[in-house]
Each structure stands twice: as structure tokens, then as C-alpha cells.
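Novice: Chains as they are written, first to last, in the numbering used here: chain A, 1 to 305; chain B, 1 to 305.
Quick caveat, the hints were computed from the structure, so don't treat them as lab data.
Note that identical chains are pooled: a pair holds if it fits in a single copy or bridges any two copies.
Capping the alpha-carbon separation at 20 Å, the derived lysine to any residue pairs in SDA-like fashion look like this:
(1) Lys272 with Arg71
(2) Lys22 with Asp61
(3) Lys111 with Glu299
(4) Lys111 with Trp300
(5) Lys137 with Gly170
(6) Lys137 with Glu88
(7) Lys272 with Glu299
(8) Lys137 with Cys93
(9) Lys137 with Pro200
Protein chains: 2
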Amino acid sequence: MNMPSQVHIVEVGTRDGIQAEKQFVELDQKLRMLELIVAAGVRRIEATSFVSPRHVPQMADAAEVLAGMERPPGVEIEALVPNMRGMERALECQLDRVVLFVAASEGFNLKNLRAGREKMLDAAREAAKEAHGAGMKIRGGVVTAFGCPYEGRVPLEAVERIAGDYADMGCDEVGLADTVGMTNPVAVRRMAEHIRAKFPEIRFTLHFHNTRGVGLANVLAGLEAGVDTFDTSIGGLGGCPFAPRATGNISTEDTVNMLHEMGAETGINLGKLLEAVSYAESVFGRQLPGQLLHAGLPEWGAPAA
Amino acid sequence: MNMPSQVHIVEVGTRDGIQAEKQFVELDQKLRMLELIVAAGVRRIEATSFVSPRHVPQMADAAEVLAGMERPPGVEIEALVPNMRGMERALECQLDRVVLFVAASEGFNLKNLRAGREKMLDAAREAAKEAHGAGMKIRGGVVTAFGCPYEGRVPLEAVERIAGDYADMGCDEVGLADTVGMTNPVAVRRMAEHIRAKFPEIRFTLHFHNTRGVGLANVLAGLEAGVDTFDTSIGGLGGCPFAPRATGNISTEDTVNMLHEMGAETGINLGKLLEAVSYAESVFGRQLPGQLLHAGLPEWGAPAA
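Okay, chain A solo, but in the shape it has when bound (with noise of 0.2 Å):
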């Protein structure tokens, strides 16, 4: 099969995991979450988002989370920034990467994001200027890349000049998101051989929700269309405020569990980073998606290579 043979993942579970969830998560178990993430040899984590706290106070803390967390030598730490107020507040912290998004459906822009594509794109562009002068790596983030739970499908080119736009403001990486757990593993492998062909000096990242099952066979078709990085969210911890109906992201764990499976390496130490996830359940007080921490870890240890 080919693939990628080392995948990159970017842990999101304290921002996507948790954003609406309604329990609010205190500031030390957000750290206590982090630290353990960290210590499972996660690399790459969007710890939160600077989001209205109006809107979602669950993210309210921002600051506080990236003033408190780990990080250690090697580990990037990003965060969700919507527009030009939640740039402010990032420059005010300590931050390798932001993470900026438009959707790529103009019925998602302006009934969820509350602004069309185009003064999105404008925000955008404002917010990537300021990061840039502060030294920050942006990822441009492209919602409903594969489906929009008002307008049904996506056309391809609809990604592409969105992804033409975060190219132009100087973006090293675009995500493409299944917001709502629409897409199929078809529909993956068009899309990122599409996208991939066109912006060879980008790399294109994934972010899929399991709402029908079908997160970890997307994250296969991805693989083999060549990308190298996915959003994943310990214990499956996910939906979005915004989108009814979308549950959890694609957990961490199994993600992690089958590129091992597959011979793949991510660095990650799976025993620890169940660590995380049961503490995430103690957190919650319920089992969380990610299959897992109640299976076992595989029976044979060594990768299946």
C-alpha cells in the first residue's frame, strides 16, 4: 500500500474535542489533559481557540491554557483564531502556529460564521499579516472542504480558490475539514490528489469526524492520496457548536493505533496517550468514543509491518 511512513498528528482535543461540550472544563483539568498529551509524545497540538467567549465559553481560558501548558523542546502549539478581535488576543501569548478558517460553502459562511466568504477571506488576510509580523506559522482551514450540511456538496473548485487565497497570504499548510462527518473515502482521495496536484508546496492537512463511521477509512483514503497530517482528538472528544448533528472527531488513540497497525510510525507512545484518554473519561464521567482504551491495546505489540 502506499503511503506516508511517518503520519503527524495534530492532537485537538482540547479545543474541537471540547468546545461543545456543555460542562465546562476547568483550567487545570485543560492542563492536566495537556500534560498528558504531551507526555504521550503528541508534537503537534491546537491547544484552544480565541473565539468569542460570548459564543463559546468553554474557550474562554485561552490564554490561561497557553500560559500554563508544557511545552517542551519540539512540540508546536497552535490555536483557532475567527478573526482580527481573537488575533489580538493571540499575539498577547506565546504561539508557533495559528489556525485561521473560512467555509468553503457560502450557506455555512453566513449562517454559522455570521460573514460571507468574502469578508471572511478579508479577516483572514488581515489576521495571517499580523502572525507573520509575529513570527507565527499559519494554517489556513477550509470548513465543509467536503460537504455543507445546508448546500449539500462542495465543488472541488470552490476548495481550490480558497486554498489559492491562504496560498497567497503565505499559509505553509491548509486544512481541509468534514465539519459535519459528511464525506467517504471516494470523495477523500479526489479531493486531496485534486488539491495536492494543484499547490505542491503546501501540505494539505485532514480533519474528519466519525459521524457515520466511515473517519478512520477516510483517514486511509487520505494516506494513500499521500497526506502525512490529521486532526485527531483524544477519546473522540468532538463536535461543533455551530454544526447540529456532527459528533465526535476521530479519536487520537485508534487513529493512532491503526497507522501503527499499518507499519506507520506518529512517535506517539500509545500505552501513554491512553493515559490521556482515561483521564479525559474521568473528566467527563463517561466513555468517551475512541474504542481503544476499552479494547486493548493489539495483542501482538510490535506494528504490523
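Since the structure of chain A is already known, use the hints to place chain B on it.
Specialist: Using the frame of chain A, we list chain B on its own:
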């Protein structure tokens, strides 16, 4: 993506799906499940099993299930047969196909199936003769084809040898089972490509459990290797009475949804299939692992061809 455009689903919900359930499913409940499955357009059903009623009481009414179920033209009804005693019971029923089985790993044969591989193969040979005499088709099942809870990895050659024995017995189909959900897409692809090349005259089918969330990714790998027939279970019901920690089979509805979204045809009406899943949930009084019933059908209707 290179894959079959028509895919066959073998529904195993009333067999593998419920055999490990402690709650006895009454005959009329089994028949109602089967009625709804047939109504959804499923064309192959492994309806029951002629295992020892003492060991698996859930299957004690195998003959009554086969006598009572609807069987419109074009629907193939199959049953699992472990030995000659089971075969004798099967011969008294109206069956299109029997499913024999042997484990690829000797540890599983000895510990869970109570006989070594050679004895199991002798029994299969004897049963195959009877089945042919009665005009029944035969699927040869290879248990633990992708890994054994006792022995770990299973060599390709062990599976190949049993497939060869099945070919000699006149089986037109051989089913490769990941009995406890240990495998991964790379291993599936390698096995499926290897074994299909060795026995081009035999149809190979795949049987996955979703123990660690990799079930549909394994289906994708199988499709890419050219496999067009998969065992699935409504609601993701499942487990194995002899295999500790094995969780549910891959769910019929999530599998069919992925296939339809990828543009493959199954002949199954997903809306009607969800009625069968909903009924199964009412029988067991709990939410089953399959996700489509609760996530809802994809918002865009037509397949993403």
C-alpha cells in the same frame, strides 16, 4: 479509486450478531428481524447456526428460524455448520448454502473449537460431501485468518493451505474472518491480494469486527484488493462466545452507507434497513454500535458517484 461497483452484503445479525447476547431473542423476534432485513433488499443472509444448543442456547431454534422466515426469490439463505451433527440438522432444513469453518491458528482450534486443525478439516470434508449431495452451496470459513488472540500473527501460508483444502472440497466461496478484530488495512490488502491471486476461481469474502474502530477502513482495503462480498451485522451487533473481548461485527447500515456514498451499489434500501436496526435496538433495549441510525442518513440523498 479502483474497486468493485457492485458489492454483496451477507447479513449475519441473527447469527454472529446475537450468538453471544445473554438475552435470548425469541423466535418471533428473530423472524421479525429477518423480515425487516429481507424487506430492505438484503439478498444474502446467514440466518442461524447449527452449533450445539447446549453451548450456544441462542441458536437452539435454528430449524424453526429457517422454517419460519420469509424467503422471496433471489434471497440466498445460509447457516453456519460446525460439524456432522450440525450438518445432519441442516439437511432437514431448506438452505441455499452452508458455512463451514476451521481456524487458521492451531491455538484457536484447540482452545475454542475443541479440535485440532486436521480434525476440523476432516469434519468439514465430511460435511461438504453431504451438503453437495443435498445441492447446497458451500462457503468455507477461515477463522482467525488475520490474527489469533492466543498466537498473534497468522502466516499467509496457513490461510492459503486451508483455502486450498476448501477448494478441494468444492467450495465456491471462502470467507476470511478477523474473528476478534485485530487486523488493519495493510494486512487486509496483502492477504486479499495474495489469496485471490492464488485461487482465481474462488470468491473470497471478508468478515470484520470493529473492535478498535478500523472496521470500515478494512472494508476499504478489501475493496481495493478487489473483494466484493462482506459479512455485516445490523446495528453492529456481535461478538463471539468463544473469543473474549471481541466486539461487534461491522454494522450493515454503516457499511452500506459508506458503499453507497462511494458510488457502489448494494441493492439495499438504507431507509428500510434502518427500520431493521431500530427494531433490533428495541429488542435489546439499548443503543447498538452502528452509527447511521442516530446520525441520520446523509443530507444529500443521491450517492456521491
